[in-house]
Amino acid sequence: MVNGLSVMRDEETNSLWDHVSGECFEGPLEGKRLEFWSVSLTDAGTELAAHPDAVLLLSDHRSFISTVMAKIAAPFLSFRNKKALLFPRFRKTMHAQVDPRLPEGEQGLGLRDEQDRAKFYPLARIPAGGTVEDKWLGRKVIITRNASDGVAHAVWARGGEPPKQLLTRWYGFSFTYPDCEIFSS
Amino acid sequence: MGRINRSSGKIQQKGSRFKPFRPAEKHAVPLATQNLEGGAELLAFERGGKRRCVLVSQAIYHHLIQGELGGQPYLVSY
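These protein sequence lines map, in sequence, to chains A and B. If you count the first sequence from 1, position 161 lands on 161 in the working numbering, and the numbers rise without skipping. If you count the second sequence from 1, position 38 lands on 1038 in the working numbering, and the numbers rise without skipping.
There may be inaccurate statements among the hints.
[What the hints assert, rightly or not] With a straight-line cut-off of 30 angstroms between C-alpha atoms, the simulated DSSO-like cross-links for lysine-lysine are:
(1) K71(A) - K1019(B)
(2) K92(A) - K82(A)
(3) K1019(B) - K135(A)
(4) K1019(B) - K83(A)
(5) K82(A) - K140(A)
(6) K1019(B) - K82(A)
(7) K71(A) - K1026(B)
(8) K135(A) - K1026(B)
(9) K164(A) - K82(A)
(10) K1019(B) - K92(A)
(11) K32(A) - K164(A)
(12) K1050(B) - K140(A)
(13) K32(A) - K1026(B)
It should be emphasised that the hints constitute simulated quantities derived from the structure, not laboratory data. Please read all numbers here as calculations on a predicted model, not as lab measurements.
Build out the structure end to end from the sequences listed, making use of the hints.
Here is the structure:
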């Protein structure tokens, strides 16, 4: 864990990888980068409405820790919670105070490009069921927030392709992209 | 824009008590049959033209979901 964020370790080289950026930051593969695909955070109702034949990958792993995390921790870790669940042991891994420009647990949509240029769109500044337009990197981007699950998605106005994006809390995004811009409505 | 700054971050521990989830065919079930509450949170992803989802309540334990979909490898992190 670094900066309150889990890191990944690969079994072949023991290299450590940033799970937000996909960058290897320690070990034989340092400097390498995983290809990045966006993953959508949603809920079952929204997913089934859009994809009635949706397929769920259901883990059959059972252990004391997994049960505690699913039954007790999960509600606190929900993206709908306004505050981040940051245990003291998480904070001990932080190299600095969280960037004070926003509350540490602020949930938002983070956009990034291959040069690590990044911009954070706080969900609170995007109306549920609404759309905002912005200009980033010289291009118009459209952010839409779904009314049913409350999740925001971005697409480039020209072409409709999605920029690389992730729904995340401010502390994690700002530690990963410390000079990021912040959208102001 | 500076590079990602992790230089003075602190590694708390190496190793993990969490097991990655490596889905097999037996783990793929229709979402509609699971009787989940509508608000049950999911991570949804697509590879090779196919879409799959996992429960956030399971992802917070596994942290990593790794497999192959549509002939392409994937690694979902949470």
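Quick rundown of the hints versus the structure:
{"no.": "1", "hint": "K71(A) - K1019(B)", "in the structure": "holds, 18 angstroms"}
{"no.": "2", "hint": "K92(A) - K82(A)", "in the structure": "holds, 22 angstroms"}
{"no.": "3", "hint": "K1019(B) - K135(A)", "in the structure": "violated, 41 angstroms"}
{"no.": "4", "hint": "K1019(B) - K83(A)", "in the structure": "holds, 27 angstroms"}
{"no.": "5", "hint": "K82(A) - K140(A)", "in the structure": "holds, 29 angstroms"}
{"no.": "6", "hint": "K1019(B) - K82(A)", "in the structure": "holds, 28 angstroms"}
{"no.": "7", "hint": "K71(A) - K1026(B)", "in the structure": "holds, 24 angstroms"}
{"no.": "8", "hint": "K135(A) - K1026(B)", "in the structure": "violated, 45 angstroms"}
{"no.": "9", "hint": "K164(A) - K82(A)", "in the structure": "holds, 24 angstroms"}
{"no.": "10", "hint": "K1019(B) - K92(A)", "in the structure": "holds, 23 angstroms"}
{"no.": "11", "hint": "K32(A) - K164(A)", "in the structure": "holds, 18 angstroms"}
{"no.": "12", "hint": "K1050(B) - K140(A)", "in the structure": "holds, 29 angstroms"}
{"no.": "13", "hint": "K32(A) - K1026(B)", "in the structure": "violated, 33 angstroms"}
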